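As a plain string of letters, each chain reads:
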Amino acid sequence: MPDTTTTVADTTATIAPALRLDGVSLDYRLGRKRVRALDDVSFSIGQGEIVALVGESGSGKTTIAGAVTGLLPRSAAITAGSITVDGTDVTRLSESRWSRIRGRTVGLIPQDPGASLTPVLTIGDQVAEIFAIRGERLGRAERRARAIELLEVAEVSRAADRLTQYPHELSGGLKQRILIAIAFGLNPALLVADEPTSALDVTVQKQILRVFDRLAREHGSSVLFVTHDLALATDHASRALVLQRGRLVDDAQVAEIVDTARVGYTRELIAHARATQSALPPEDPAPAADATGTGAAVPALEVRALTKSFAGRRGANATLAVDDVSFTLPAGRTLALVGESGSGKSTTARMILRLVDPTSGEIRLDGRDVTAVSGRDRLALWRRVQLVYQNPDSALDPRWTVGRIVAEPLAAMGLYPVTERRARVQELLDAVALPEGTIDKRPGELSGGQRQRVAIARSLAPNSSVVVLDEALSALDVITQERVLQLIESLQRQFGVSYLFISHDLSTVRRLAHHVVVLRAGRVVEQGSAREIFEAPRTDYVRELLDAIPGHRLIAGAAQTATTEGASRR
Amino acid sequence: MLRYLASRAGQALVVLWITYTIVFVLIQTLPSDPVTIFLASDAGADQELIDRVSALYGYDRPWFEQYALQLGNLLRGEFGFSLSTGQSVLERIGSVVGSTLALASTGLLLSVLIAIGISAIAFLVDSPRLRAVIVAAPSLFSSIPVFWLGIVVLQVFSFQLRILSLFPDGSLLSLLIPALVLAIPVSAPIAQVLLTGVEQASELAFVKTARAKGARPMRVFWHHVFRSSLGATTAVIGTTLGVLIAGSVITETVFARPGLGSVLLRAVIAQDVPLVQGLVFLTTLVVVVAALVVDLITPLLDPRVLRSVGTRGVSRLGA
Chain H
1 MPDTTTTVAD
11 TTATIAPALR
21 LDGVSLDYRL
31 GRKRVRALDD
41 VSFSIGQGEI
51 VALVGESGSG
61 KTTIAGAVTG
71 LLPRSAAITA
81 GSITVDGTDV
91 TRLSESRWSR
101 IRGRTVGLIP
111 QDPGASLTPV
121 LTIGDQVAEI
131 FAIRGERLGR
141 AERRARAIEL
151 LEVAEVSRAA
161 DRLTQYPHEL
171 SGGLKQRILI
181 AIAFGLNPAL
191 LVADEPTSAL
201 DVTVQKQILR
211 VFDRLAREHG
221 SSVLFVTHDL
231 ALATDHASRA
241 LVLQRGRLVD
251 DAQVAEIVDT
261 ARVGYTRELI
271 AHARATQSAL
281 PPEDPAPAAD
291 ATGTGAAVPA
301 LEVRALTKSF
311 AGRRGANATL
321 AVDDVSFTLP
331 AGRTLALVGE
341 SGSGKSTTAR
351 MILRLVDPTS
361 GEIRLDGRDV
371 TAVSGRDRLA
381 LWRRVQLVYQ
391 NPDSALDPRW
401 TVGRIVAEPL
411 AAMGLYPVTE
421 RRARVQELLD
431 AVALPEGTID
441 KRPGELSGGQ
451 RQRVAIARSL
461 APNSSVVVLD
471 EALSALDVIT
481 QERVLQLIES
491 LQRQFGVSYL
501 FISHDLSTVR
511 RLAHHVVVLR
521 AGRVVEQGSA
531 REIFEAPRTD
541 YVRELLDAIP
551 GHRLIAGAAQ
561 TATTEGASRR
Chain C
1 MLRYLASRAG
11 QALVVLWITY
21 TIVFVLIQTL
31 PSDPVTIFLA
41 SDAGADQELI
51 DRVSALYGYD
61 RPWFEQYALQ
71 LGNLLRGEFG
81 FSLSTGQSVL
91 ERIGSVVGST
101 LALASTGLLL
111 SVLIAIGISA
121 IAFLVDSPRL
131 RAVIVAAPSL
141 FSSIPVFWLG
151 IVVLQVFSFQ
161 LRILSLFPDG
171 SLLSLLIPAL
181 VLAIPVSAPI
191 AQVLLTGVEQ
201 ASELAFVKTA
211 RAKGARPMRV
221 FWHHVFRSSL
231 GATTAVIGTT
241 LGVLIAGSVI
251 TETVFARPGL
261 GSVLLRAVIA
271 QDVPLVQGLV
281 FLTTLVVVVA
291 ALVVDLITPL
301 LDPRVLRSVG
311 TRGVSRLGA
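Line by line, the protein sequences give chains H and C. Take the first sequence: its position 169, counting from 1, is numbered 169 in our numbering, and each next residue is one higher. Take the second sequence: its position 193, counting from 1, is numbered 193 in our numbering, and each next residue is one higher.
Rather than coming from a laboratory, the hints here were simulated on the basis of the structure. Quick caveat: nothing in here was measured; it's all calculated off a predicted structure. Where hints are given, some of them may not hold.
Derived DEER-like restraints, expressed as beta-carbon distance ranges [unchecked claim]:
1) H:483 <-> C:200: 49 to 57 Å
2) H:168 <-> C:270: 54 to 62 Å
3) H:259 <-> C:132: 21 to 29 Å
4) C:222 <-> H:97: 15 to 23 Å
5) C:125 <-> H:255: 28 to 36 Å
6) C:222 <-> H:393: 30 to 38 Å
7) H:168 <-> C:2: 38 to 46 Å
8) C:21 <-> H:393: 43 to 51 Å
9) H:309 <-> C:125: 35 to 43 Å
10) C:176 <-> H:92: 50 to 58 Å
11) H:134 <-> C:127: 28 to 36 Å
Even for Gly, the Cβ is constructed at its ideal location relative to N, Cα and C.
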């Protein structure tokens, strides 16, 4: 056990920082190649300090989180420098030595709550495991009481019932609370939170981070908060470390960078984040000014009283996943379907794509009723409506070349003569601004943003008029996200595509959508032009959603730069 | 859960019925009826005797009557009568089945222990070279023929070390050594699946959580990795039961142990078709029942399986 003699009177020695990296360089071995992931990174975190580590994907922030917790893959090797956690040098430790450091000295709140609890063990077993790890021999009753206590501190509802449940029975937000309870239960000197809420809805994210902030304060924990979301970083940390391509480019107080970032790259990040935060929704010109001009009145997509009920198990009442939803997507425009998980937005999209049969209601595409099309007609429908899925990694076959992937809808629908398909594919890849030669690469050789561009190119291949973007930007970091957003907008101007944009992320919705439909529990809570929704929400629910968007300090900072006043409002 | 049970039991019955039918068809395609074949080498057997015995066994009836008659007998638990001894099949094997069961179950237990040992070492060992050697072991094991290994082991333990009697003497060692010989090839597929399961599970996020808690490698393996890779492994154990019985027959012959192996061997040499038929059906029954037990255990090991049990049966690890 490390000595934690941090009483106020103790001034005999300067207290070791919670974390210190000294000139750390790190390589990954890929076959014979060595890829540098971290290059001479130095920083330290004081006791009780909350520090954000910000960067794009591939900047090395997850590598730092791994190096600090000893959870790097075997192919990683620290080639220079040293890492000290709470006074202990952990640069080169064996797995069994690490197991004594982890948990009590350095804890982790993992990235993906959905997969981070052992599926075959009950919550009770997994929480109580920390007592066994600490070597405490507790009786059955006491173990149970202590586990419940830990869960309650992390505001897990119905804590006693949770003990006998399995992870797959719980929501993502609950799982993350449980993981937080476990991490704080071990009371580590340093806590690494690795993108703890990137998989969660904004409102859930807000609740989770409130619990997290409170526990960090109560425990006096030092925190390394790893995130790609600068808005989130500025809301929850006091200091920010900015990482770019494996190098630490900035290390400054949040208050400072919000006002006047000295480093160019940080300024760029701030500007991007702020642009998304305060962007006004795009103007919606009158339909008459529509460039496509094919009889302006026919909307690209029209949905009337769409309803989907799923039969309950064993005679239980049927649940209405989508309940009487109506909206209209004008040609060449973007309509956002917004809602938390379980709000019915994905089911609605699946019905429009005719992957799921509606229980009742009507779907019209370019004025044609497609509610009940099947067989050849459904194939024809898919020429008009295409899908871009959230995760490009699983949506692209890793064994296929990009050329074959993009040509697939053409081949499936028998569009374009075979000899002209390659030219068509190249044209599409140019349209989404992918570099020369991408056509013969495989998805594994591309970055996340490039892969999503491939998926977008594929969706445009059959000259579709409506593209369903199902959380298509959620897996990307801010800067990549911004580039893909710009691409999506320019493709709309170029080809007059209409987008059905499904998202839980309101800041990207604000950036892209002309119209917004807010769903909750299958029903439309509010709909209107994006300006109406964002500037004058009529319902409490929408106000709550808007309030949950992170980045208050960024916006506040932007306001303060004008007045040069230092007091923060929150 | 009831539906799951019913669907599994139904499948088992179908397998048994198909086995019965295949064996029946094979016997029908023999050049003449089993009694003629059995008595062919007996000079004293005249046509009248053959006809009498055939009538007794029902082989003189049209094939569909035989099919129904024999199936009905099976359903009543009658597995037929040996031509060579006149005993019922059940009686014939009743005296030796205990010995085979002891060998097979010890062999299965050892093979599971070997598989767990291999995957645990592969998970815990730090050196990549050592791990490569351990991971290669199952492939080696699966390519060792049981009879060859048996003879080598006998040569070493009985003739050179002289610690094992050439014939079973009821000692623990005389059970353990043949069981080990049997377990080595049987362990190979189990170890391969368990290794893959462990390897895949160790990449998953929850293992990171367990390690981040400060759990020792041993604890991470037992509580998190091993438990999560059990689903597919139990299924493989179900499918190795056939290999196990086949292996038992060979092992028994090599080690001169009484058991199903010797009965089957003698039945085949004597061309005692009804006895072989009864033995085949009985072993199928044992394998099917054991596989059913495995299928029923699986949901207890992995809470996600039951959830994915729908009308279309079970998709393992549907989550």
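Non-conforming hints, listed in increasing numerical order: 1, 3, 5, 7, 9, 10
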